[in-house]
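Undergrad: Could you build the full structure based on these sequences and the hints that come with them?
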Amino acid sequence: MSDIRLEQDMLSRNKIVSETNKNFFVEAGAGSGKTTMLVRRMVAMIEAGIPIEQICAITFTKAAAGEFYARFQKLLIERSNQNSDIKKTGQAGELPVPTEESVKKCREALEKIDLCFMGTIDSFCSMVLSEHPSEAKIPSDSKIISDEEVKNIYRQQFVKICAGNYGEMLQKKAQDFSSFYKNAEEVFAAGEAILMNNRNVEFQGIEAVGKANADEKFEQEKDNLLSMVAFLKDHQELKYTKEKNNLAAWNEIEDIYRNLDTKWSSNFESVLYAIGKLSKIRLIKETDDNYPYELGGFFRKGGSSGSWLECCVKAESDDNSEYIYEKLQKYRYHISMSFLTESVQVLEENMRSKGYLTFFDYLYYLREMLKTDAMTGGKLIRNIRESHRYFLIDEFQDTNPLQAEIFFYLSSDSPASQWNKCQPEPGSLFIVGDPKQSIYRFRSADVASYLKVKKLFSKPFGENLALTQNFRSTNMLCKYFNVCFTELMHNETENQSKFEEIPPKGETSPEIFQGIFINIDENQKDDTDTPQIAGIIETLVNNENYQLRDNDGIKRKLRYSDIMVITYGKKALKPIMTELYNRGIPSRVEGEVSFGQNEALCEVFKIYSAVSDLEDAVALYGALTGKLIGFNQDDLLYFIGHQGKISLKASFKKDAFKDEICLQIIDEIEKLNVLYHNSLNLTPAGLFSKIIDDFRAYEYTEAENLEVLYYALELLRNAEISGTVVTFKDASDYLYELLSGKSGEERCLSLIENKDAVHLANLHKVKGLEAPVVILAAANKPNDSLRNQIRVEHKDETSCGYLFGLKKEGKDTDEESSRFSKGNYFENPCFYDEKEEEKTAQSAEIERLLYVAATRAKNALIICERVVKGKTPIWEPLLIDGLTETFNIEENGSLSESSDITTDRVKAEKLYNDAGCCVLNNRDTLNATYETKTPSHLSVPSKLAEDSAETVISNERTVNVDSSNKASYSKTVHKFPDLLGTMTHRLMEMIVSTKCSVDTDKAVEEIIREYRTEETKDYEAELKTALTDVAKTMNAGGYTQTNGVPQDLLKVLKEADEVYCEVPFCYMDSTGSKKELWNGVIDLIYCTEGKWHIVDYKTNADGSALDKKYFTQLEAYKKAFKANTGEEADALTYHIDV
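full-length UniProt numbering numbers the first residue of the sequence shown as 1 and each following residue consecutively.
Check before you lean on any hint, since a few could be wrong.
Capping the alpha-carbon separation at 27 Å, the derived lysine-lysine pairs in DSSO-like fashion look like this [said to hold, decoys possible]: (1) 557 <-> 1122; (2) 217 <-> 690; (3) 1002 <-> 1051; (4) 263 <-> 627; (5) 671 <-> 1017; (6) 1108 <-> 1051; (7) 765 <-> 755; (8) 330 <-> 222; (9) 571 <-> 330; (10) 143 <-> 22; (11) 570 <-> 765; (12) 112 <-> 217; (13) 995 <-> 1091.
Label-pair distances were calculated between CB atoms; the ranges are [said to hold, decoys possible]: (14) 571 <-> 1091: 43 to 53 Å; (15) 1091 <-> 355: 24 to 34 Å; (16) 74 <-> 788: 37 to 47 Å; (17) 872 <-> 997: 23 to 33 Å; (18) 618 <-> 78: 48 to 58 Å; (19) 471 <-> 557: 23 to 33 Å; (20) 788 <-> 1051: 49 to 59 Å; (21) 578 <-> 621: 31 to 41 Å; (22) 627 <-> 510: 54 to 64 Å; (23) 348 <-> 1091: 29 to 39 Å; (24) 1047 <-> 107: 20 to 30 Å; (25) 471 <-> 115: 51 to 61 Å; (26) 379 <-> 551: 52 to 62 Å.
Keep in mind that the hints were calculated from the coordinates and are not lab data. Backbone N, C-alpha and C define an ideal beta-carbon position, used for all residues, glycine too.
TA: As structure tokens, this is what we get:
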């Protein structure tokens, strides 16, 4: 059995690289090396003669696309080198030994690699639609807008609908809809957010209700209810005197009657609330005998022996009966959904005409365009296939089913109108996925659809392959996975794929830490197990008893970065991170960066907004009242009341102001005005960096969170390079999107990627990640209630949708309605069968979440189990017999006193206060425990002084003009040395980052425009000449250097393995007597033949002995690079003689 599994796996791998003219659907388990096989297949396609520009690789995330590109490029480089010594090793899935012909094809492909599409499905759809906007019926300048912008459009359109802009009939429906809600505009936006993103779905169960008047429709029921409640008010002696909820309802009997005795059409929520309360009322059992008529049939016997009567106005969770509460809910549901579905066309036409698109729109409009074309012969599809013909799709289990339809159309030369009847061209479709890792049902991922597509790949159409080997985990873990998941996923069902056993592999050396352990805690009272997790980590790290073996075979003790802690939900991450922080254990969190919660970044943004726009008085007000400056509202009102003006354009006569507070405000406004004028010589990212330094923004965040501040700087710099950010206003808008969460930036920090820190992540963020040791943090199993309020069933010709309820958002949940509508704006109490089916689907997804969590482990899996009465632990299915209970934390867990582990746990605010205002200017900080240092600020020996007096280097790009050489410089250099230095750096960045492909004349013009001021206009011709000379000299072989740095730097960079420009950094140096926080930007880093080199551009007049002069600065860069990457590098200056 084991040999057969392994043979099948090897056969699948060989087919992937050898049969490029065949369509494959590959099911690849966790750790099976699917990305490697995808890349190899692409190279095999190149070597088989397929043009690289016709290949499209579709990934699930931008990060995956970046990794895919790098690996594809690397393999092409290896196989395009005629001198490479590539030999067959006999491993399955290997590419053949290169031939002269294959080397030539790989070399040609490498030159055109940027013509090969490698990106997300959103990017692909955007590309195709931009090529055919008229066929897609969208404007050519269409753009993606954020979720919040979309909802704002929905709100605006709702107002127009209510005003009658789209006809009286829709206006009347809007009025009926509005009668149910106090905040109808928000309900409309929330409802349309679902319907607009499911326009390919036909929603079921929407019925016509006739006249929308609740009082008329339910007149008889209302009278009967009021009569019964009035009777109860007058006969409270019938009250059942036990049970808390019953007694609480009796206490509100007057309010219940008052809410029911109103106009139901305009007080719908209050009526539902009253009926919900009424359902808790209980009477003594004799009441039914004495007052059967007065009870009106609303009560029935309750309790195991009929010991009380319970009110039947609202169904219990396990009761499918329909009472008055359910009738009212259905009534509101039908009216609401009828209006919402009819409004979809209005919204679609409005957004489409303006070119405002969502990510769903990209998928939907492309599918619609292709489907329409297929129905009329497929001419457009064949035209598209001339450019995009071969498709490799990764992570297929997590995609919207529309994606399958798109690629079936695009892979067929003679497409059928129904996508699943299309016959893809042989070799044009290669799909990879793992249904056991499908965990994004809330994003429309659907295992049932995945399995349907899988069944389409049958001979002669294609073939199903399986990659079952696990190269990630030890054999001990693989055996455990086989036992555990064969039991959990033993059969293929509509909602689940069958687990295929992992073939055996070699045993890991017994002296290496490995295994599956449980940590049981029977006393934990809260929802987390943070002390136990911290104790386990303290036990493991730097302990001789727990060792790993590196890739080079050397044994070593565990590090923090070897450990990943996985939680079921996001809420559990914060207490764990806090506990680790309090114990001095460094950690980092996977997922979206909380830019908006970073106080330092928020404060820097306030200053940036004010300086980037002289006209924005509101931004200036925010800057002045922010923490970096610190005035309050009363201060500014006092200033304005004494003829002061809040404006950066204002000029002040200080003699006219006597009060100290007014003079202080003037000083700060003038300081910001100076910053504005200085910013004209800076790039947008340069201004951001200057604000951080000048206002010491790092004091407003804890030391371990500084990376978020500098990550924002890195993103801003990248946005400059890509052209997204050109002006300061662009940068301000970009920062606003980061802070508001609209950007969707994921935390992929190059600044801390190699930081020795425990990795924390919730289950939905761990896919693609791995760690030697994985700790599953204790969590209780979610209750059986529906987490998804929508169910979609994809059928051959259509998709049917069932909206169970519209969930309320954020603060929009008043106490009354949320208690009895379960936090929903509206809901449909029917769909009983569909709700049960959705619960089954959600239960299957929980099993897959367990699979994803457990299979992240390479060596050891530690399962934290918390015993809480009445609750089921989420990890319970993973607890099979024979597991080892983990270390005794109480005896071995605390290593803090005897361990040699050191940490950087310290509050930045306290440390910077201790360090004084500035370590460069304040020499009284010798006893401080914490200093900030920027290498470009370091003091250097003056060449003019025999006594080596110190000269401080400015943070701006400077040209230090030696008086003895002034005659050789132009008037412009003397007048604008800082500006010319900054421009030169900018020019070098543009040349290097584009691999010398930039049009230097245009680049120079752009730089001149970027830094143009009234003061520089008369000197632009000289500046342009100076920059043009720099570009010509660099492209012609460079400037003569005397320190060993390559003179022809651009040639070296073209041939380098890796090149990075303007790299920001931040790291803590604890090697000396006191800690130093270093931050700055390195001009250039590149790698050749495995060695890293740092280059710092200098535009000094005197180019001799610069490495000696800037020795301290260069050493700081080397330390920064080592701290952030773990790699050694040399550092030299490159003199640009302007």
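Undergrad: So which of the earlier hints does this model not fit?
TA: When the structure is compared with the hints, numbers 2, 4, 9, 10, 12, 15, 17, 23 and 25 turn out to be violated.
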